[in-house]
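Sequence order for the protein chains is A and B.
First residue of the first sequence: 1, per our numbering; consecutive thereafter.
First residue of the second sequence: 1, per our numbering; consecutive thereafter.
Every clue listed holds true.
Residues on chain A that point at chain B, a partial pick, calculated with CB under 7 Å: (1) Leu137; (2) Glu248; (3) Val255; (4) Val270; (5) Val281; (6) Val285; (7) Val292.
The hints are simulated quantities; they were obtained by calculation from the structure and are not laboratory data.
Built from N, CA and C at the ideal position, the CB exists for glycine as well.
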Amino acid sequence: MKYAAKRIAMLLVTMVIVSFLAFAAFSMISGNAAEIMLGTQATPERLAALEKELGLDRPLLVRYGAWLAGFFTGDLGISISYKQPVGELIAPKVLVTLCLSVLSFLLIAVLAIPLGVWSARRSGGRLDGVRTAFNQLCMAVPPFFTGILLTWLFSTTLKWFTHGRFPELGTDFLGALKYMLFAAVSLAIPRIAMTVRMLRSTVLEEMQKDYVRTAISRGNDRAGVLYRHVLKNALVPVVTFLAQTMAEIVAGGIVVEQVFAIPGLGRLLVASISNRDYPVVQAIVVILAFWVVLAGTVADLINQRIDPRLRLGGGS
Amino acid sequence: MRRMNGYLKAGLLLTGFLAALIILGYFWTPYDPTAMAVGPKTDAPSLAHWMGTDNFGRDIFSRVLKGAGMTFAIALSTVAIGAVCGTAVGALTGYFGGVVDDALMRFNDALTAFPSILLALVIISVLGPGSKYNVVLALGIVFIPSFARVTRTAFAALREVNYVKSARLMGAGNGRILAVHILPNTMQVLLPAITIGFNNAVLAEASMSYLGIGVTPPDASLGYMLSEAQSMFTLAPWYAVGTGLVIILLVFGVGLIGEGLQRRGNEVA
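Looking at chain A on its own, in the form it has when it is part of the complex:
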């Protein structure tokens, strides 16, 4: 419990630092937000008036405080290009991106762990080199390329889903999931390959340890030792890796949402970067950053359940 409390406190501190850095970076350049909004109609008086209206004339720390509070009250400012409150703009897209990420993550976890164990058991065999090469090949496939091919195969040719017509998440949840499944698959392929490679090497390393030799010398069979003892120990680094994967999926989703025309956070982020719509960029970046840091924290908490050494504060 004490460990958990400490870890959550650390999470909060990290979030404050990250959000401040994001805020400061964008404030440096978006001081001219009023200028972008007014465009050619900018006169010094109008500029000053709008800056006052937007609160840009206040000191940085005051603005940061107000902005941070906005995450709890839902008031994140007004989008420059959509002229809509940022909160309203983002809220429905958070859910879409969340669904896509979770779907992709489940695919990775469900497929990669058995595949990794299988690959470790088969290591040193005749086809080991071929499997490693195939693994490297899967890692080399960019998700947006798979996306283009899957769109062509399942949308243009087989008509399983209509590209560009994303079903409303609230009204047709299953339809939306079906649409997202293809995006999730293209995101998952390289990450599955990486997880398999990672799990394979940790299992093999663990199999070299003394306790495995002891267990086998006492008459246990290799498979039994693998599933009863080794897997649990090999899982600790894999859990950390999966947390990183969660973060990578969210980032990879930015591109894949574009390929499949899924109206999620990533698409909005890219459009907002092109439009220099900084209030939106700022808010999305902080939400994604929170997601990343949260995943890391959850992984640490899970690991400390698996490995009692971490609970006692020692190293592993």
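Given the structure of chain A, go ahead and fit chain B onto it with the hints provided.
Showing chain B alone in chain A's frame:
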């Protein structure tokens, strides 16, 4: 030279072949990559047009060569920035240690937790999207922490080994110890890190250009070309397939080199 293994050989062969093609592409392409109507529109791959032609009758093989050249150059310069700055930071903090080391590494750990694409997008939106130099700068900065982390560990581990101590006793300065005695021995971790960094750079650049915030016309990189190819996929599927294959082969080749280097390292250790 230590023993080569199969992965290393296959990787070097594939990468060498692609690099030769790319270098050739800087000087000569079969057709002008931007000239329209050098052949019939949306022509399937043939002897005259190895990867076919697109909607405007441009030769795709020539375009891919040029685009790969841009992607290759960006990835190389990015990795150079990341490796040089990262190694410098890692060497100084790992070798000297102390409070600066602690503080920098905490910061570093926080940064490496973030996916490189996300960081690059943040930096590029600060620098301004749509310029190849900003792409290089953004990705270069993003890769510094991971290189710093890898090299710091190596430098810290080698700080107190006997040959370093004896060099110090003989009066070698810190600069000489770092550059001449320790740096060559960190290659075992640095080289695989470079291959991983290169692949991340290729994929990140391609993603950003695909999104339209990386390399923008008149320059063209493989990522930008894929976004172009997606819109004409039904008419000229070979455009997307050719472009995508080049990305995959490039990353695959360098990935094999990395795998080979790592295995060789493990054998020695």
